[in-house]
Amino acid sequence: MSAGMREFRQRAQIALEDARLQNALENATGRFWNSRREALERLPDSDGLRDHFKEMRAATLADLAPHWRTFEKMAEMHGTRIHWAQTGEEASRILLQVAGEHGAKLAVKSKSMTSEEIRLNHSLEASGIQTVETDLGEWIVQLAGEDPSHIIAPAIHKTKEQVADLFEAEAGKAVPADIPKLTEHARRRLRGRFLKAGIGISGVNIAVAESGSLVLVTNEGNGRMVTSLPPVHVAIVGIEKIAPTWADAAVWLSLLARSATGQPLSIYTNVITGPRQESDPDGPLEVHLIVLDNGRSDLLGTKYEEALQCIRCGACLNVCPVYREAGGHAYGSPYSGPIGAVISPLLFGLERNVALPQASSLCGACLDVCPARIDLPRMLIELRSDSVEKGLLPAPERIAELAAARVLEQAGLMELAGKIGRIGQRFASKNLPKLADQSFREWWRNR
Amino acid sequence: MNQRQPSVALFVTCLVDQVHPEVGIATVRLLERLGFKVLFPAGQTCCGQPFYNSGFPAEARRLAKKTIEDLEGFDTVVLPSGSCTAMIRAEYSHLLAEEAEWKRRGEELAGRTFELSEFLSQQGVGLRTGEVYGLVTYHDSCHMCRILKVREAPRRLLKEAGFKVVEMREPDRCCGFGGLFSQRMPEVSSAMTEEKLRQAAETGARTVTTADPGCLMQMRRIAERLPDSPEIEHLAVLLERQNR
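Protein sequence lines, in the order shown, are assigned to chains A and B.
Quick note: the first sequence uses the working numbering, first residue 715, plus one each step.
Quick note: the second sequence uses the working numbering, first residue 282, plus one each step.
There may be inaccurate statements among the hints.
[Stated by the list, open to error] A few chain B residues facing chain A, derived, Cβ under 10 Å:
hint: 1; residue: 295
hint: 2; residue: 297
hint: 3; residue: 298
hint: 4; residue: 300
hint: 5; residue: 303
hint: 6; residue: 321
hint: 7; residue: 326
hint: 8; residue: 332
hint: 9; residue: 335
hint: 10; residue: 339
hint: 11; residue: 343
hint: 12; residue: 423
hint: 13; residue: 452
hint: 14; residue: 455
hint: 15; residue: 465
hint: 16; residue: 470
[Claimed, not checked] Pairs of lysine to aspartate or glutamate, EDC-like flavour, derived with a Cα cap of 20 Å:
hint: 17; chain 1: B; residue 1: 346; chain 2: B; residue 2: 303
hint: 18; chain 1: B; residue 1: 430; chain 2: A; residue 2: 1082
hint: 19; chain 1: B; residue 1: 347; chain 2: A; residue 2: 1123
hint: 20; chain 1: B; residue 1: 430; chain 2: A; residue 2: 755
hint: 21; chain 1: A; residue 1: 1017; chain 2: B; residue 2: 483
hint: 22; chain 1: B; residue 1: 346; chain 2: A; residue 2: 1115
hint: 23; chain 1: B; residue 1: 430; chain 2: A; residue 2: 1129
hint: 24; chain 1: B; residue 1: 347; chain 2: A; residue 2: 755
hint: 25; chain 1: A; residue 1: 1104; chain 2: A; residue 2: 1115
hint: 26; chain 1: A; residue 1: 1148; chain 2: B; residue 2: 512
hint: 27; chain 1: B; residue 1: 347; chain 2: A; residue 2: 1115
[What the hints assert, rightly or not] Counterexamples of contact, computed for chain B against chain A with all Cβ distances above 12 Å:
hint: 28; residue: 286
hint: 29; residue: 316
hint: 30; residue: 353
hint: 31; residue: 354
hint: 32; residue: 382
hint: 33; residue: 385
hint: 34; residue: 386
hint: 35; residue: 393
hint: 36; residue: 406
hint: 37; residue: 454
hint: 38; residue: 508
hint: 39; residue: 509
Just so you know, these hints were derived from the structure itself, not from any lab.
Since the structure is predicted, the reported quantities are computational estimates derived from the model, not experimental observations.
We treat Cβ as the ideally placed atom computed from N, Cα and C, and that holds for glycine.
So here's chain A without its partners, still in its complex pose (with noise of 0.2 Å):
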């Protein structure tokens, strides 16, 4: 997971030379965005409900150790095991352990951008545990080999054609590319893993601290069978995801999904406290939820803890017009877009993800629709403010950028260097502005 300036550009042109995909990334983007803004109107006081939750995110971030003191206290009495992970390999080994206890030899999954964080799938498959993804457009993208690259449409980039050629290899037989053929097909297959598997795991949408529950939304019902029906369910979530009250929860609840899709909820809205008891005989055995940090407390407290707000709604990335241009692969990182262009150098290291800060033009418009009102054009600003500290911009740049300040700090030497660029502009790239003839200060004094 890297994205340095040749890399990001790179895979931007590969993207913008497909057709199909500019079309599919336009189409649904487009799609999302507007049902977005009618969900949005049609509520009474949207710009409120996101002031007030911008401010229960900020307390909350702000205090944020003993709302996990009461999560564990009440989750444990429910009967969940909570672990603790500082880093994405531990979150794997504490996965791997259960799964071993469990003798686990098949795991199914419910979307996690988390699990994608740390990459959690290669982990599992390297220990020998099939892992199959749940969720159409994971599994889709599994099939695939591929990253998701939209962090709640994570096959945005297929077609329903290229899709059906994937489950035909899939299944070794021929499906046709019609969609409700594919949905069909793909419940089919999963169904079985589903009964086989010996471990679920799932990710988290928000961890409700006054109950110890979790909360888990999807479209598709997988996230409810794969917390259901395997003996063991294995949650995944960051420190940054929990509400106090039930109360939060219900605003962030009532942003989510119409921020992401439009969608007033979720099909599912699931809530999990705690495995199976004898006055609630369904559901698996065990209940295990890992707490991973991965990162993220570094943040806290700094000028980056506001990115810790995100509930993963993907709305900065349908409406951000360089994700729509260069699509999630760009990114190297399971999270692109403009959430993404911070918080991966905040998580993965800035040396490595150089291009991210600078794949902007700083329009704003993720700022306008973020449910958390997020102020991703500043944090951009300030990681590229970062990448020069470091010596991370290429020197010829920086010594450029130094001298312009130093000749634009006297009209005097401006208009000199106005002058000597004219000429020399006939020897430069064509992707420079072109100097006028007449400056309109030398038009002013002449007039």
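Please arrange chain B on chain A, whose structure you already have, making use of the hints.
The following block gives chain B in isolation, referenced to the frame of chain A:
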């Protein structure tokens, strides 16, 4: 009469000065025809935005201070650029947050600095209605519509001047310029501009107009390579042409 003539200081912006002087000239002529005395503070250069946006806050701060000094003593400052206006109005106080006196001076400048169409609209000037010469589509430049929140003023002025304004599917979708972004990510940047121009062409408008010299420069540069692109003009140029 002359004593009561209101005066405005023009902050023409470095891009207009060096690349699109016709925008500055049209701004001067338009303001003068509408009865304003135009002053040009001669020391002015750049508001600092390119440096601020590309990660050079110290350089941006020096240019911000210089701009504050250059524009001190003028009651009203007008710019033919939404994004430079947004820089002064929204970012100077952040940039200078740690130097109380400079911050105060920056905020004071912010209070009397206006983007051209915003200024004309607030002044309630009566534009002359020129001959209607075809459909125009207006591109909302990013900082103009999202930071200054000015969307209506330019459209109203265009209509007042006799243009028929048609809307693009996404009038506020970025044109792809983004300052140094267009140099650092030229492929994506050009693709964004092509998308913008495609949407503009779909409207059937003969002219695309915008209130930002950056967008103007970018759209023109890319339009040159494309067949059948609409003409691209700064708002000030169109308004001035109708008010001769």
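Cross-check of the supplied hints:
Proximity of residue 295 of chain B to chain A holds as hinted, the smallest CB-CB distance being about 7 Å (cut-off 10 Å). Given the 10 Å rule on beta carbons, the hint for residue 297 of chain B holds: about 6 Å separates it from the nearest Cβ of chain A. Proximity of residue 298 of chain B to chain A holds as hinted, the smallest CB-CB distance being about 4 Å (cut-off 10 Å). Hint on residue 300 of chain B holds. Least Cβ distance to chain A is approximately 5 Å, under the 10 Å limit.
A cut of 10 Å between beta carbons decides the hint on residue 303 of chain B: the least distance to chain A is about 8 Å, and the hint holds. Checking residue 321 of chain B against chain A by beta carbon gives a least distance of about 5 Å; that is within 10 Å, so the hint holds. With a least beta-carbon distance of about 5 Å to chain A, the hint placing residue 326 of chain B at the interface is held under the 10 Å criterion. Contact between residue 332 of chain B and chain A, as hinted, is supported at the beta carbon level, the nearest pair being about 6 Å apart and thus within 10 Å.
The criterion of a C-beta within 10 Å of any C-beta in chain A is met by residue 335 of chain B, whose closest approach is roughly 6 Å, and the hint holds. Using the Cβ-Cβ criterion of 10 Å, the hint placing residue 339 of chain B at the interface with chain A is satisfied: the shortest such distance is roughly 9 Å. The criterion of a C-beta within 10 Å of any C-beta in chain A is met by residue 343 of chain B, whose closest approach is roughly 6 Å, and the hint holds. With a least beta-carbon distance of about 4 Å to chain A, the hint placing residue 423 of chain B at the interface is held under the 10 Å criterion.
The interface hint given for residue 452 of chain B is violated, since its Cβ lies 12 Å from the closest Cβ of chain A, which is over the 10 Å cut-off. Hint status for residue 455 of chain B: holds, given a least beta-carbon distance of 4 Å to chain A, under 10 Å. Nearest Cβ of chain A to the Cβ of residue 465 of chain B: about 5 Å, under the 10 Å cut. The hint holds. Satisfaction of the interface hint for residue 470 of chain B is found here, the shortest Cβ-Cβ separation to chain A being roughly 7 Å, below the 10 Å cut-off.
Taken as a hint, the residue 346 of chain B and residue 303 of chain B pair is broken in the structure, with Cα atoms around 27 Å apart against an allowance of 20 Å. Distance restraint check for residue 430 of chain B and residue 1082 of chain A: the Cα-Cα separation of roughly 12 Å lies within the 20 Å cut-off, and the hinted pair is therefore satisfied. Between residue 347 of chain B and residue 1123 of chain A the alpha-carbon distance is near 7 Å, which keeps this suggested pair within the 20 Å criterion. The suggested pairing of residue 430 of chain B with residue 755 of chain A holds, with an alpha-carbon distance near 19 Å, which does not exceed 20 Å.
Straight-line distance between C-alpha atoms of residue 1017 of chain A and residue 483 of chain B comes to about 43 Å, which puts the hinted pair past the 20 Å bound. Using a Cα cut-off of 20 Å, the hinted pair residue 346 of chain B and residue 1115 of chain A holds, with the two alpha carbons roughly 18 Å apart. In summary, the hint linking residue 430 of chain B to residue 1129 of chain A is not supported, as the alpha carbons are separated by about 33 Å, beyond the 20 Å threshold. For a cut-off of 20 Å, the pair hint linking residue 347 of chain B to residue 755 of chain A is broken: about 44 Å separates their Cα positions.
Restraint check for residue 1104 of chain A and residue 1115 of chain A: the C-alpha separation of about 16 Å stays at or below 20 Å, so the hint holds. Taken as a hint, the residue 1148 of chain A and residue 512 of chain B pair is honoured in the structure, with Cα atoms around 17 Å apart against an allowance of 20 Å. Taking the CA atoms of residue 347 of chain B and residue 1115 of chain A, the gap is about 17 Å. The hint holds against a cut of 20 Å. For residue 286 of chain B, the condition that its CB be more than 12 Å from all CB atoms of chain A holds, with the nearest at approximately 18 Å.
No Cβ of chain A approaches the Cβ of residue 316 of chain B within 12 Å, the least distance being about 18 Å, so the stated non-interface status holds. For residue 353 of chain B, the requirement that its beta carbon stay farther than 12 Å from each beta carbon of chain A is met, with the minimum near 15 Å. At roughly 17 Å, the least C-beta separation between residue 354 of chain B and chain A is larger than 12 Å, which holds for a residue marked as non-interface. Distance check for residue 382 of chain B against chain A: the nearest CB is about 20 Å away, which clears 12 Å, and the non-interface claim stands.
Against chain A, the non-interface label of residue 385 of chain B holds: every CB pair exceeds 12 Å, the least being about 22 Å. For residue 386 of chain B, the requirement that its beta carbon stay farther than 12 Å from each beta carbon of chain A is met, with the minimum near 17 Å. Remark: the non-interface label on residue 393 of chain B is consistent with the geometry, its nearest Cβ contact in chain A lying 21 Å away (cut-off 12 Å). Separation of residue 406 of chain B from chain A is adequate, the least Cβ-Cβ distance of about 22 Å exceeding the 12 Å criterion.
Residue-level check failed: residue 454 of chain B sits 6 Å from the nearest beta carbon of chain A, not beyond 12 Å. No Cβ of chain A approaches the Cβ of residue 508 of chain B within 12 Å, the least distance being about 18 Å, so the stated non-interface status holds. The non-interface label for residue 509 of chain B is consistent with chain A: the shortest C-beta to C-beta separation is roughly 19 Å, beyond 12 Å.
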